[in-house]
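Chains as they are written, first to last, in the working numbering: chain A, 1 to 338; chain B, 1 to 281.
Just so you know, these hints were derived from the structure itself, not from any lab.
Don't be surprised by glycine CBs; every beta carbon is placed ideally from N, CA and C.
Any given hint could be a false lead.
[Claimed, not checked] What follows is a set of in silico ranges between Cβ atoms, one per label pair, in the way DEER data are often shown:
| id | chain 1 | residue 1 | chain 2 | residue 2 | range |
| --- | --- | --- | --- | --- | --- |
| 1 | B | V66 | A | V25 | 54 to 60 Å |
| 2 | A | T192 | B | L196 | 58 to 64 Å |
| 3 | B | P171 | A | G10 | 24 to 30 Å |
| 4 | A | V25 | B | S166 | 31 to 37 Å |
| 5 | A | R84 | B | Q65 | 32 to 38 Å |
| 6 | A | P60 | B | I38 | 54 to 60 Å |
| 7 | B | L196 | A | W62 | 39 to 45 Å |
| 8 | A | V73 | B | V113 | 20 to 26 Å |
| 9 | B | P184 | A | P60 | 36 to 42 Å |
| 10 | B | A23 | A | T192 | 52 to 58 Å |
| 11 | B | T98 | A | R28 | 23 to 29 Å |
| 12 | A | W62 | B | T98 | 42 to 48 Å |
| 13 | B | P184 | A | V330 | 41 to 47 Å |
[To be verified] In silico negatives: residues of chain B with every beta carbon more than 12 Å from chain A:
| id | residue |
| --- | --- |
| 14 | L33 |
| 15 | L34 |
| 16 | V86 |
| 17 | P171 |
| 18 | A183 |
| 19 | N194 |
Here are the chains, one letter per residue:
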Amino acid sequence: MARYLIRRLGQALLVVAGVIVLTFVIMRLVPGDPAVAYAGPKATPEQLAQARERFGLDEPVWVQLGAYVRDLVTGDWGTSLRTRQPVLDDLALAFPASLELVGAALLLAIAVGVPVGVLAARYKTKFPDLGVRVTSMLAVSVPVFWLALALQTVFASNLGWFPVAGEYDDSLNTTSPLTLWTNITIVDALITGNWPIFTSTLRHLVLPALVVAAYPAGVIAQMVRATLIEEASQDHARLERALGFRETSILTRFALRPALNPVLSLIALVFAYAIVNGFLVEAVFNWPGLGRYAVDSIFSGDTPAIAGVTLLVALVYVLANLVVDLLQGVVDPRARAR
Amino acid sequence: MTALVTRRALPGSVDRLALAGAALIVLVVLAALLAPWIAPYPADEVDPVNALLPPSGAHWFGTDQVGRDVLTRVLYGGRTSLSIAVAVLAVSAAVGVTLGVVAGYAGGWVRDVIMRVTDVFLAFPALLLSLTLAVVLQPSVTTVVVAIAVTWWPWYARLSAATAASIANRPYVDAARCLGVPAPLVVVRHVLPNSLTPVLVQLSLDAGGVILTAAALSYLGLGAQEPVAEWGLMVQQGQTLFTTNWWVVTFPGLAILVTAFAFNVLGEGLRGALDPRRIVK
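Please build the complete structure, drawing on both the sequences and the hints.
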């Protein structure tokens, strides 16, 4: 196990190094001069030179890469050209909001996807199965930004059941200000017993979380269905059938547990995907997360901010994969050999 | 054995669904190819007098903000989306399969280097790297193709490396080597053709994903630009009108959904037929 751990950690570090280099290269390709973007169009040559020196743009490329890596490691992810705040501070505010949205969406996706997958496996080749297959495929194929717009129009703008946009009512900041602990609004509201903000956030979460949940719910349902059908044809299922267990209880009591292992690794893959898919949803619902930050940064040509978002999401992805691999190594010794 | 049992236990619905997907794809492709002939109006005919008309006999899908026929633009949008998908998949598969087959056949450090580079690219979710790249390049259809292809080839590299590695040890490949056939020829004549089946399945599965990613980039304004008819762009341009003029947004969105659905269902069916156990890449 120790050897597996070290090898897997080494692999992850190598990928992280590659991710940093790739991000650096992409950012070097950005058209336009970041010094000009920082100093503004009316800057004097002296101000430009100052800005250039400040960002180290007058050094050779490999020196810049070295400086970039050193800065990243010491927690200096650069200064946003748009907000003029350290990028890491901006990310520390935006990332929890995205986590909140994606976390809620994944919980929803598991709560819906797993039972629906069991249902499909139980009635395979019959009508419920076909229904689940078609619906889960639709959920995977729907353009998120369009689904977001549609739900927003119907359930928020027209019916008024849910708020149109935002994370919670801004007016609550004055009537019942929120004490920050984790920066995840709904968690902070819960632990500090701030009910007005808690319920408001919950109401604001429903529509965007539904949209983000569509893809993972579809994938999880398909995965659970396929693994359960395979499990149900194994010898242990045959024995259970011979012992007189009903088909439903064979699936839920015996087959479901081994089937959840691949679902676990699926969730890690889907997690990073959901964050990025969430970008589009955040743009529609004006959710104050990474996506809105990324989109705003893109349109203002804010290179350090874009690099920060790219790096952060890639790191989260590497980390999620690592955690799942290690967990599986613990759960299933066969996985270590791979 | 298990695989056989599972496959026999799943007749009917799977294949019928995949067939429906195939039929839908034929329909979408035909509609896109024949757009200039079957579209009821010229592609970019602006007619401000008839702006924002609801669906009717004259305009089945209504008209948009500048009076263009939405049905016509949806048909032309299919040309854009399908061309993007074909270009992205062709480039990704060409690059990915070449690198993958070389890695799988050569093994050793060559394989290690190629696979580690692949891992790095795989650490970026496709839409994220495409977003970042789309900022660097000027927004256009070509940008979309480049940006998505950069994020998509590693999947093909990984897939074909695994297949090529297993084929490289087959007796017929050994035989070819013993007969003195040079390595490049062994790869091209024996390893490559036999590594292609899983790639073909993956292509069908990925077409839906590429179309969705391309539409998302265009929706964000980083892809196709006016006056190109593109589904994602049409949704973006009409989004503020959703409450009052639903048809401007609804039909292009449905077009994306139907096309992605068709490819996903067909790909799923093909994969199920070839290997019922592999579900997610």
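Hints, verified against the model:
1. B:V66 with A:V25: 54 to 60 Å: 41 Å, violated
2. A:T192 with B:L196: 58 to 64 Å: Holds, since T192 of chain A and L196 of chain B (Cβ atoms, about 59 Å apart) stay within the stated range.
3. B:P171 with A:G10: 24 to 30 Å: 36 Å, violated
4. A:V25 with B:S166: 31 to 37 Å: Holds - the Cβ-Cβ distance for V25 of chain A and S166 of chain B, about 34 Å, lies within 31 to 37 Å.
5. A:R84 with B:Q65: 32 to 38 Å: Given a distance of about 37 Å, which is inside 32 to 38 Å, the answer is holds.
6. A:P60 with B:I38: 54 to 60 Å: This hint holds: roughly 58 Å between Cβ atoms.
7. B:L196 with A:W62: 39 to 45 Å: 41 Å, holds
8. A:V73 with B:V113: 20 to 26 Å: 25 Å, holds
9. B:P184 with A:P60: 36 to 42 Å: Holds - the Cβ-Cβ distance for P184 of chain B and P60 of chain A, about 38 Å, lies within 36 to 42 Å.
10. B:A23 with A:T192: 52 to 58 Å: 57 Å, holds
11. B:T98 with A:R28: 23 to 29 Å: 27 Å, holds
12. A:W62 with B:T98: 42 to 48 Å: Check failed, 29 Å falls outside 42 to 48 Å.
13. B:P184 with A:V330: 41 to 47 Å: 44 Å, holds
14. L33: It holds; L33 of chain B is separated from chain A by about 22 Å at its closest Cβ, greater than 12 Å.
15. L34: 24 Å, holds
16. V86: 18 Å, holds
17. P171: 26 Å, holds
18. A183: 28 Å, holds
19. N194: 24 Å, holds
When each numbered hint is compared with the structure, violations occur for hints 1, 3 and 12.
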